[in-house]
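With the sequences and hints as input, model every part of the structure.
Number of protein chains: 2
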Amino acid sequence: MRRNYLLTPGPTPLPPYARKALAREIIHHRTPQFQEILKEAHENLKYVFQTKNDVYILTSSGTGAMEAAVSNTVCPGDRVVVIEGGKFGERWTELCKVFGANIELVKVEWGNAVDPAIIKDILDKDKTIKAVFATHCETSTGVATNIRTLGNIIKDTPAIFVVDAISSLGAVEIKTDDWSIDMLVSGSQKGLMLPPGLAFISVSAKAGNIIDACKNPRYYFDLRLAKKAWAKTDTPFTPGISTIIALSEVLKQMRKETLDVIFSRNKKFAEAVKKTMVALGLELYAPSASSDSITPVKVPTGIDGVKLVKVMRDKYGVAIAEGQAQLKGKIFRIAHMGYIREKDLTVCIKILEKVLSDMGYKFKRGIGVKTLKKLLG
Amino acid sequence: MRRNYLLTPGPTPLPPYARKALAREIIHHRTPQFQEILKEAHENLKYVFQTKNDVYILTSSGTGAMEAAVSNTVCPGDRVVVIEGGKFGERWTELCKVFGANIELVKVEWGNAVDPAIIKDILDKDKTIKAVFATHCETSTGVATNIRTLGNIIKDTPAIFVVDAISSLGAVEIKTDDWSIDMLVSGSQKGLMLPPGLAFISVSAKAGNIIDACKNPRYYFDLRLAKKAWAKTDTPFTPGISTIIALSEVLKQMRKETLDVIFSRNKKFAEAVKKTMVALGLELYAPSASSDSITPVKVPTGIDGVKLVKVMRDKYGVAIAEGQAQLKGKIFRIAHMGYIREKDLTVCIKILEKVLSDMGYKFKRGIGVKTLKKLLG
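Chains A and B, in that order, give the protein sequences.
For the first sequence, position 206 matches number 215 in my numbering, and the numbering has no gaps at all.
For the second sequence, position 363 matches number 372 in my numbering, and the numbering has no gaps at all.
Hints should not be assumed to be uniformly reliable.
Note that the list lumps identical chains together, so a pair holds whenever it fits in one copy or between two copies.
[Claimed, not checked] List time: in silico DSBU-like cross-link candidates among lysine-lysine, alpha-carbon distance up to 35 Å:
id : residue 1 : residue 2
1  : LYS337    : LYS134
2  : LYS136    : LYS284
3  : LYS48     : LYS371
4  : LYS29     : LYS352
5  : LYS316    : LYS55
6  : LYS316    : LYS241
7  : LYS379    : LYS116
8  : LYS382    : LYS277
9  : LYS224    : LYS136
10 : LYS96     : LYS55
11 : LYS48     : LYS307
12 : LYS96     : LYS236
13 : LYS307    : LYS339
14 : LYS48     : LYS324
15 : LYS236    : LYS139
16 : LYS48     : LYS337
17 : LYS116    : LYS337
18 : LYS307    : LYS236
19 : LYS224    : LYS373
20 : LYS96     : LYS277
21 : LYS324    : LYS237
22 : LYS116    : LYS284
23 : LYS241    : LYS339
24 : LYS373    : LYS316
25 : LYS339    : LYS237
26 : LYS324    : LYS29
Read the hints as simulated data drawn from the structure, not as lab findings.
Structural data, given as structure tokens:
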């Protein structure tokens with residue numbers, strides 16, 4: 010069987026120890042055996058989140074945790090700020106609309122990061138703002154938001170700071186407590202190297218008070234039920250047992266490797282891939298703002314970007330991501346996080362060169378792989 | 010490593026082909042490769058549901074699909090009937106309360122099935138009833154509800170019929186279309202032999218109209234979004250890819266084996282286990298009403314039921330279920346569905362005999378295993 014190379018920003022490849030854990034005989038969840046696993050996973054999740062707060066494990070994809078963040082805090086008519094600079098920022102907007110928020114929408118041109126001064130200005134003028142929603146790494150554009158600066162601005166206001174770290178947690182630095190993030194939301198299928206199906210959400214004391222006071226109808230994602238169950242090392246509903254067992258294995262490995270080593274590797278990969286794109290004569294999308302999780306690249310003029318991604322995947326088994334929504338056909342995205350390693354990147358660049366060349370793009374064949382290999386050392 | 014025997018009513022053991030599928034390299038979900046798997050799984054789910062309606066796959070545990078059934082149909086003040094005869098009937102009540110329903114609560118004594126005439130009477134008198142919520146197999150008591158008769162009563166009223174088949178689908182006969190069920194809800198970890206993490210919900214045309222008109226705030230479980238995505242063989246949010254791949258393998262096997270063969274096996278197992286309990290001098294809980302998925306058994310006087318289950322599991326690796334809530338310590342439950350086979354049942358009875366004997370219960374040692382083996386042939 011041909012090896013498939015997966016360089017999409019979620020799902021990312023599963024390491025062998027995760028696959029082995031997924032294939033284990035299943036055990037019942039209301040047992041001391043499972044509780045031990047849950048407890049260890051929880052402790053190690055707190056390490057990855059860099060928080061002393063509780064981190065709840067939800068059985069859903071990342072959007073479920075985003076809904077939990079909104080449905081547990083935003084009541085009809087509440088004033089909230091949403092920073093929206095891509096498809097996943099739009100998801101915050103949609104969720105806040107569904108739950109009846111009075112939204113101060115901060116639209117950021119796709120490919121750019123928000124200017125924190127704009128948020129400061131809004132919060133200075135309006136003391137009724139209850140929450141600020143942001144996206145750490147906007148998966149659709151690759152843009153990284155300056156969460157640290159925003160956290161500093163928000164922490165002394167009545168507002169809570171809610172951050173989507175779905176494609177950044179475990180991939181690039183994000184410090185929940187130090188950066189004053191009240192609710193950090195993530196998913197299993199990106200930096201945590203697991204199949205999709207688990208979502209995570211941390212809750213600060215400031216957010217906890219709002220959750221307790223919130224009257225919205227909610228049940229499966231009710232964080233009061235999660236908190237109550239968590240106190241007994243339990244979950245309110247049947248959890249995704251097999252994925253949690255694999256999660257505990259992955260987190261053990263991450264802790265052993267340390268976040269610093271993981272973040273440095275991803276940073277090195279990001280820089281190498283960016284320079285490789287330039288060597289190929291390609292133009293980076295959002296060159297000054299992009300996250301170390303993903304490199305977004307403009308499709309060169311005259312090349313069909315949708316076809317490029319399709320041929321790489323269907324003919325050569327190398328999956329990268331195409332552009333979404335308004336960027337469809339205009340960019341492609343190469344992920345370098347989780348279990349993606351030198352070999353994956355090298356094969357990816359080799360195939361990218363081959364397909365670009367076949368499609369008529371002019372460049373010096375081999376320069377990409379050569380540049381990459383040199384930079385990866 | 011010691012083999013563990015799992016005879017709990019969810020999770021149930023994973024067959025080798027499911028475990029193998031879970032351990033596969035992951036693929037991206039927005040690809041023709043995954044769409045093909047999703048399409049096939051969907052077709053085979055319709056076979057298992059015995060329906061021509063759409064069946065949506067949600068990435069959550071079964072309770073998520075229960076929430077979807079309520080949040081998409083029940084608006085504040087709506088009149089609904091909830092049939093509640095155990096912990097999972099109570100879950101319908103809780104969900105209907107959360108979404109503001111005006112509930113006609115039909116409490117059934119635990120261990121008994123509802124008398125359909127009561128429901129007919131309510132529906133005859135009150136034409137404003139919008140939905141009737143029932144539990145096919147009440148996992149906490151093992152009681153089976155007569156869904157067929159209820160469906161016949163409800164079908165000619167304005168009400169929709171919503172059935173929790175979480176611990177019955179793929180284990181005992183349930184005919185969505187023939188029995189006029191408007192929304193059938195299930196999960197992955199029982200008759201479908203997978204880890205928890207996927208939920209399923211079928212939607213009739215009658216239910217579809219109510220969903221479209223419903224104004225409740227909802228997002229992750231919004232069935233309008235599920236329908237829209239499904240039309241393009243897609244899911245609205247990142248799905249539980251690995252579990253869906255395993256689902257497609259399990260459903261293929263089930264279709265090959267046929268539902269009739271599966272249901273007959275479970276029926277034979279249920280009858281054999283029940284007679285084995287009687288041979289051991291034990292008293293069945295709900296003898297006239299229990300489902301073929303689970304055999305509920307009264308803990309004999311003088312025996313600590315919690316300890317019995319704990320010792321069987323922790324000392325001998327045989328997991329059965331204890332009683333829940335008001336039945337804690339008073340009953341134990343043996344599941345015989347999914348991938349549970351003769352060997353599992355034999356080991357279970359052998360260990361049950363051993364532990365009962367060690368705990369001082371008087372009976373003819375060996376009579377259980379002998380009875381079971383004779384009946385299993």
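Which numbered hints fail: Hint check: 1, 2, 3, 7, 19 fail, others pass.
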